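Novice: Protein sequences, first through last, are from chains A and B. Oh and the first sequence: position 54 is 54 in our numbering, straight run, nothing missing. Oh and the second sequence: position 92 is 92 in our numbering, straight run, nothing missing.
You can trust all of the hints, since none of them are fake.
The list that follows gives simulated cross-link-like pairs (lysine-lysine, DSS-like), each with its CA atoms no further than 25 Å apart:
hint: 1; chain 1: B; residue 1: Lys92; chain 2: A; residue 2: Lys37
hint: 2; chain 1: A; residue 1: Lys37; chain 2: B; residue 2: Lys102
hint: 3; chain 1: A; residue 1: Lys48; chain 2: B; residue 2: Lys102
Calculated from the structure, these hints are not laboratory results. Given the structure is predicted, the values throughout are model-derived calculations rather than measurements.
So the chains spell out like this:
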Amino acid sequence: MTCYPADNMYEELSFIAYYFHWSYQEIMNLDHHTRRKWCDEITRINRKLNNETEQKSIFDI
Amino acid sequence: MSLQTEYPFVLPKGYVDRDGNVHKKGTMRLATAADEILPMKDVRVQQNQSYLSIMILSRVITELGELKNIDARVIENLFTPDLAYLQDFYQKINQVEPPNYKFNCSKCGHTNEVSLDFLAQ
Chain A
1 MTCYPADNMY EELSFIAYYF HWSYQEIMNL DHHTRRKWCD EITRINRKLN
51 NETEQKSIFD I
Chain B
1 MSLQTEYPFV LPKGYVDRDG NVHKKGTMRL ATAADEILPM KDVRVQQNQS
51 YLSIMILSRV ITELGELKNI DARVIENLFT PDLAYLQDFY QKINQVEPPN
101 YKFNCSKCGH TNEVSLDFLA Q
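Whole structure, please, built from the sequences with the hints as guidance.
Specialist: Structure below.
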């Protein structure tokens with residue numbers, strides 16, 4: 001029986017914990033699909049923020 | 001649309017309890033990180049890696065016939081075809097859509113998309 005790759009799993013758990021500060025229990029009890037979905041959402045938010053920062057003029061306050 | 005988290009199954013043979021009753025219908029829920037990480041601390045898994053699937057299945061099977069409690073002992077006593085069926089079933093319901101990566105061919109410049117499935121054996 002193949003499990004979810006452990007390295008990827010730890011990476012995803014840490015990623016969500018770092019950005020959302022959810023508890024250990026909450027993150028550990030997300031199913032694989034939901035956990036991946038939240039990782040995608042965090043990535044999307046970061047991309048959007050980075051893009052906005054790049055486009056912002058240095059004169060914008 | 002909400003995500004389906006529990007899946008019904010019917011064992012090919014069925015679990016036979018001490019009184020001779022056969023339990024075939026059950027439910028399995030989606031696995032979590034805890035289901036795959038916590039059993040690694042168990043001595044039985046550390047001694048024999050193949051015991052991991054027994055431990056995981058005992059966590060994710062929420063119902064089996066009329067049984068009140070589903071533990072590792074129940075899974076250990078399943079017939080081989082039933083255990084194989086459940087391992088396959090676990091694999092199917094937990095299949096995460098593999099990520100797709102887009103890249104441009106350095107020769108023709110055409111954009112290609114490939115799927116990288118880390119779970120494929």
